[in-house]
Each structure stands twice: as structure tokens, then as C-alpha cells.
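There are 2 protein chains.
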Amino acid sequence: MPNERIAEVKRVYNPRPVSMFFEDFRPGDETGTGSVIVTKEEILSFARQFDPQPFHVDEEAARQSPYGGLIASGWHTAALCMRLIVALLGTGSGSLGSPGVDELRWLKPVRPGDELSVRVEVLEAIPSRSKPDRGLVKLRYTMRNQNGEDVMTMIALGLVLRRPEVEPT
Amino acid sequence: MPNERIAEVKRVYNPRPVSMFFEDFRPGDETGTGSVIVTKEEILSFARQFDPQPFHVDEEAARQSPYGGLIASGWHTAALCMRLIVALLGTGSGSLGSPGVDELRWLKPVRPGDELSVRVEVLEAIPSRSKPDRGLVKLRYTMRNQNGEDVMTMIALGLVLRRPEVEPT
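Here the protein sequences line up with chains A and B, keeping their order. Under our numbering, the first residue of the first sequence carries the number 1, and numbering increases by one thereafter. Under our numbering, the first residue of the second sequence carries the number 1, and numbering increases by one thereafter.
Don't take every hint at face value.
In silico DSSO-like cross-links for lysine-lysine, where the CA-CA straight-line distance does not exceed 30 Å [to be verified]: (1) LYS138(A) - LYS108(B); (2) LYS131(A) - LYS108(B); (3) LYS108(B) - LYS138(B); (4) LYS138(A) - LYS138(B); (5) LYS108(B) - LYS40(A); (6) LYS108(A) - LYS40(B); (7) LYS108(A) - LYS138(B).
Under 10 Å between C-beta atoms, here's a sample of chain B residues computed to sit facing chain A [claimed, not checked]: (8) PHE21; (9) PHE50; (10) PRO52; (11) GLY74; (12) ALA79; (13) ILE85; (14) VAL86; (15) GLY92; (16) ASP102; (17) PRO109; (18) LEU157.
With the C-beta cut set under 10 Å, the calculated list includes, among others, these residues of chain B facing chain A [as the list claims (entries may be wrong)]: (19) GLN53; (20) GLY69; (21) MET82; (22) THR91; (23) SER117; (24) ILE126.
If you are wondering where the hints come from, they were derived from the structure by calculation, not from laboratory data. Note that the coordinates shown come from a computational prediction; the quantities given were computed from them, not determined experimentally. Glycine is no exception: its CB is placed at the ideal position from the N, C-alpha and C atoms.
Start from the sequences, fold in the hints, and give me the full structure.
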């Protein structure tokens with residue numbers, strides 16, 4: 001149902017400014033994002049700007065490549081993953097940014113029309129020893145397509161503020 | 001010299017279709033890319049599309065954040081790194097794409113006006129045991145700003161074709 005899909009994409013792309021803090025990340029927790037459909041135009045546009053390899057920007061060359069057709073830049077896939085994650089966690093969260101990512105793996109090509117969503121597992125939540133107002137969370141992202149195939153995985157690190165203490169009334 | 005900078009950016013953004021093959025990656029080799037200047041408009045545009053956290057999309061909120069001003073999404077920085085790498089290695093290369101990245105680290109914020117370039121070191125070049133036409137290369141990318149500060153590092157994996165054998169005449 002194309003209309004439902006569009007509604008879904010709009011929903012996840014307009015997150016409320018909810019607040020997620022360090023205490024909200026409990027090791028073992030799992031959740032999922034909304035989904036996004038990747039268009040050919042977006043694949044071409046991203047790749048022309050950032051990753052103009054033939055199998056990302058040239059339909060004919062892509063057909064003749066081992067991929068057999070146009071595929072998204074892995075960095076485009078990673079950026080879409082971030083978009084879904086931001087929508088899930090909210091833009092009013094206690095996020096202080098990320099020191100990095102471990103073991104990013106591109107497992108399957110992402111092709112025009114693919115619908116992608118992300119499973120999020122909390123692996124670790126480590127309070128900072130030097131800065132008591134924050135902690136480090138380690139999350140595993142597993143991005144899947146509409147066929148349930150894993151297309152990308154990564155272990156993302158995030159610095160997150162602790163929930164502010166409320167003054168007793 | 002703004003004009004020289006623009007010329008430089010144009011140069012690295014219009015790579016010739018040179019061909020790099022597995023044999024061209026020798027462990028210990030080091031080289032560098034051209035550079036690119038990041039504009040505020042690009043930072044905002046990328047982040048609105050993929051990473052709309054306040055310190056990437058809202059100048060006033062960014063000023064009040066721990067970063068003290070607008071900073072680029074780490075995924076934008078990574079995409080710009082890819083752009084410089086593609087320009088260096090050429091679009092006619094033997095690249096078969098990448099299985100992933102290890103230890104991506106965002107070390108310093110990237111801010112509007114920063115000029116970024118990448119050092120590339122070949123760490124390993126491993127011939128494939130199952131597919132004799134290709135090999136895996138492991139490269140360390142170190143992205144620096146105009147002050148010589150490292151802003152991002154990663155270990156990138158790449159699948160690359162071996163140089164085609166020429167028939168003896």
C-alpha cells in the first residue's frame with residue numbers, strides 16, 4: 001500500500017522532541033525504528049555528491065557490474081540508518097554526539113525501492129568515571145530490507161547525558 | 001587564497017577514470033587526497049536530510065550546546081572522506097565495493113569553513129583464497145582539518161580486482 005508507506009516515512013521523519021537519557025538505555029533492551037523507502041533518484045543524488053563509483057551513479061555501468069544494477073553507496077545506507085535512529089530517539093534527547101562506530105559491515109546491496117528499517121539492541125551502558133553527568137552507550141544496529149535480509153550492521157557508540165535530578169519539592 | 005582553494009576542490013572532484021588494481025596497494029604505502037572546504041549550507045542540508053540533531057541543524061541550539069556552534073554530522077564527514085578517496089583512487093578503478101569499516105572515530109568537531117583532507121595508509125593487502133581475481137585491502141584513513149588536527153580516523157576494507165593479465169604477444 002504505497003500511501004501507507006508514505007505515511008510511515010513521514011511519521012518517522014517528523015520525530016517529537018522526546019528526551020532520552022543515559023538511564024533509558026538498559027543493556028538487553030531491544031527496539032525498532034520506522035522504515036524508509038530508498039528511491040533511485042536519492043541513490044543517484046547522494047552518490048554523485050559523495051561516492052561517484054560507476055555502480056552508484058551510472059545505471060548502464062551498474063548493470064554490467066557484479067551487482068547487476070544500481071546500488072546505494074554504503075555511506076548513504078549509513079546516513080539513512082542515522083535518520084531512522086534520530087527519529088526513534090528524538091531530537092530533544094540527551095545525546096552529546098558519538099565518539100565513533102565499530103565493525104560497520106555492508107552485508108547486502110541496497111537497491112532502488114528497498115524499504116529499510118533498523119533493529120536497535122543496547123549492548124552496554126557505562127557511566128563516565130570522569131564526568132558524572134554522562135555515560136557511554138554501545139548499541140548494535142541491524143538494518144534490514146523488506147525481505148528481512150540484513151543489509152548493514154554496526155556497533156555505534158554514543159555519549160548521553162544522565163537524566164537531570166529533580167529538586168525535591 | 002579562495003580561488004586556489006576552489007580550483008583545488010574542483011580538481012579533486014573531477015577525477016580521471018584511472019585504474020587502480022589490487023597490485024597497486026602495497027602495505028606501508030602512504031599517500032594523500034586533495035582537500036574540500038565544508039560550508040555551513042552543506043552542513044545544514046546534509047543534517048536536515050539525515051541527522052537532524054540540534055547541534056547539526058539549529059545554529060542557536062548549537063551555540064548553547066557543549067560544541068559552542070554548528071558542527072557537521074559525523075556521517076557527513078565520512079561521506080566527504082569517501083568523496084576525496086574516490087577522487088584519489090579514480091572511478092575506473094578495480095573497486096568491487098567495500099565489506100565494511102572498523103574503528104571509525106570522530107575525534108574533533110568539523111565546523112563551517114573547515115578544509116579537510118585525508119591521509120591514506122595501506123595496512124594490509126590479502127589475496128582472496130576462493131576468488132583468484134581479487135583481494136582484500138585494509139586502509140587507514142586519517143582526515144585532518146586546516147590546522148593539522150585529526151578530525152576522523154577509520155580502517156576501511158575494500159575488495160579490489162587484480163590487474164587483468166595481458167596476453168603475451
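Here's how the hints hold up against the structure:
As the CA atoms of LYS138(A) and LYS108(B) are separated by approximately 20 Å, the hinted pair is consistent with the 30 Å bound. Restraint check for LYS131(A) and LYS108(B): satisfied, since their Cα atoms lie roughly 18 Å apart, inside the 30 Å limit. Distance restraint check for LYS108(B) and LYS138(B): the Cα-Cα separation of roughly 24 Å lies within the 30 Å cut-off, and the hinted pair is therefore satisfied. For the hint pairing LYS138(A) with LYS138(B), the CA-to-CA distance comes to about 24 Å; that is within 30 Å, so the pair holds.
Between the alpha carbons of LYS108(B) and LYS40(A) the distance comes to roughly 34 Å, so the proposed pair goes past 30 Å and is violated. Between LYS108(A) and LYS40(B) the CA atoms are separated by roughly 34 Å; this puts the pair beyond 30 Å, and the hint is violated. Distance hint between LYS108(A) and LYS138(B) is fulfilled; the C-alpha atoms sit about 20 Å from each other, no more than 30 Å. Checking PHE21(B) against chain A by beta carbon gives a least distance of about 15 Å; that is not within 10 Å, so the hint is violated.
At a threshold of 10 Å, the smallest CB-CB gap from PHE50(B) to chain A is about 4 Å, leaving the interface hint in force. Checking PRO52(B) against chain A: minimum C-beta separation of about 6 Å stays under 10 Å; hint holds. Look at GLY74(B): its Cβ gets to within about 6 Å of chain A, closer than 10 Å, so that hint holds up. The interface hint given for ALA79(B) holds, since its Cβ lies 4 Å from the closest Cβ of chain A, which is under the 10 Å cut-off.
Checking ILE85(B) against chain A by beta carbon gives a least distance of about 9 Å; that is within 10 Å, so the hint holds. Checking VAL86(B) against chain A by beta carbon gives a least distance of about 6 Å; that is within 10 Å, so the hint holds. With 10 Å as the threshold, the beta carbon of GLY92(B) comes within range of chain A, its nearest partner Cβ sitting at about 8 Å, so the hint holds. With a least beta-carbon distance of about 6 Å to chain A, the hint placing ASP102(B) at the interface is held under the 10 Å criterion.
Restraint check, PRO109(B) versus chain A: the minimum CB separation of about 8 Å is within 10 Å; hint holds. Look at LEU157(B): its Cβ gets to within about 9 Å of chain A, closer than 10 Å, so that hint holds up. Satisfaction of the interface hint for GLN53(B) is found here, the shortest Cβ-Cβ separation to chain A being roughly 6 Å, below the 10 Å cut-off. Proximity of GLY69(B) to chain A is violated relative to the hint, the smallest CB-CB distance being about 13 Å (cut-off 10 Å).
Because the smallest distance between the Cβ of MET82(B) and any Cβ of chain A comes to about 5 Å, under 10 Å, the interface hint for this residue holds. Hint status for THR91(B): holds, given a least beta-carbon distance of 6 Å to chain A, under 10 Å. Contact between SER117(B) and chain A, as hinted, is not supported at the beta carbon level, the nearest pair being about 16 Å apart and thus beyond 10 Å. Because the smallest distance between the Cβ of ILE126(B) and any Cβ of chain A comes to about 17 Å, over 10 Å, the interface hint for this residue is violated.
The structure does not agree with the numbered hints 5, 6, 8, 20, 23 and 24 stated previously, though it agrees with the rest.
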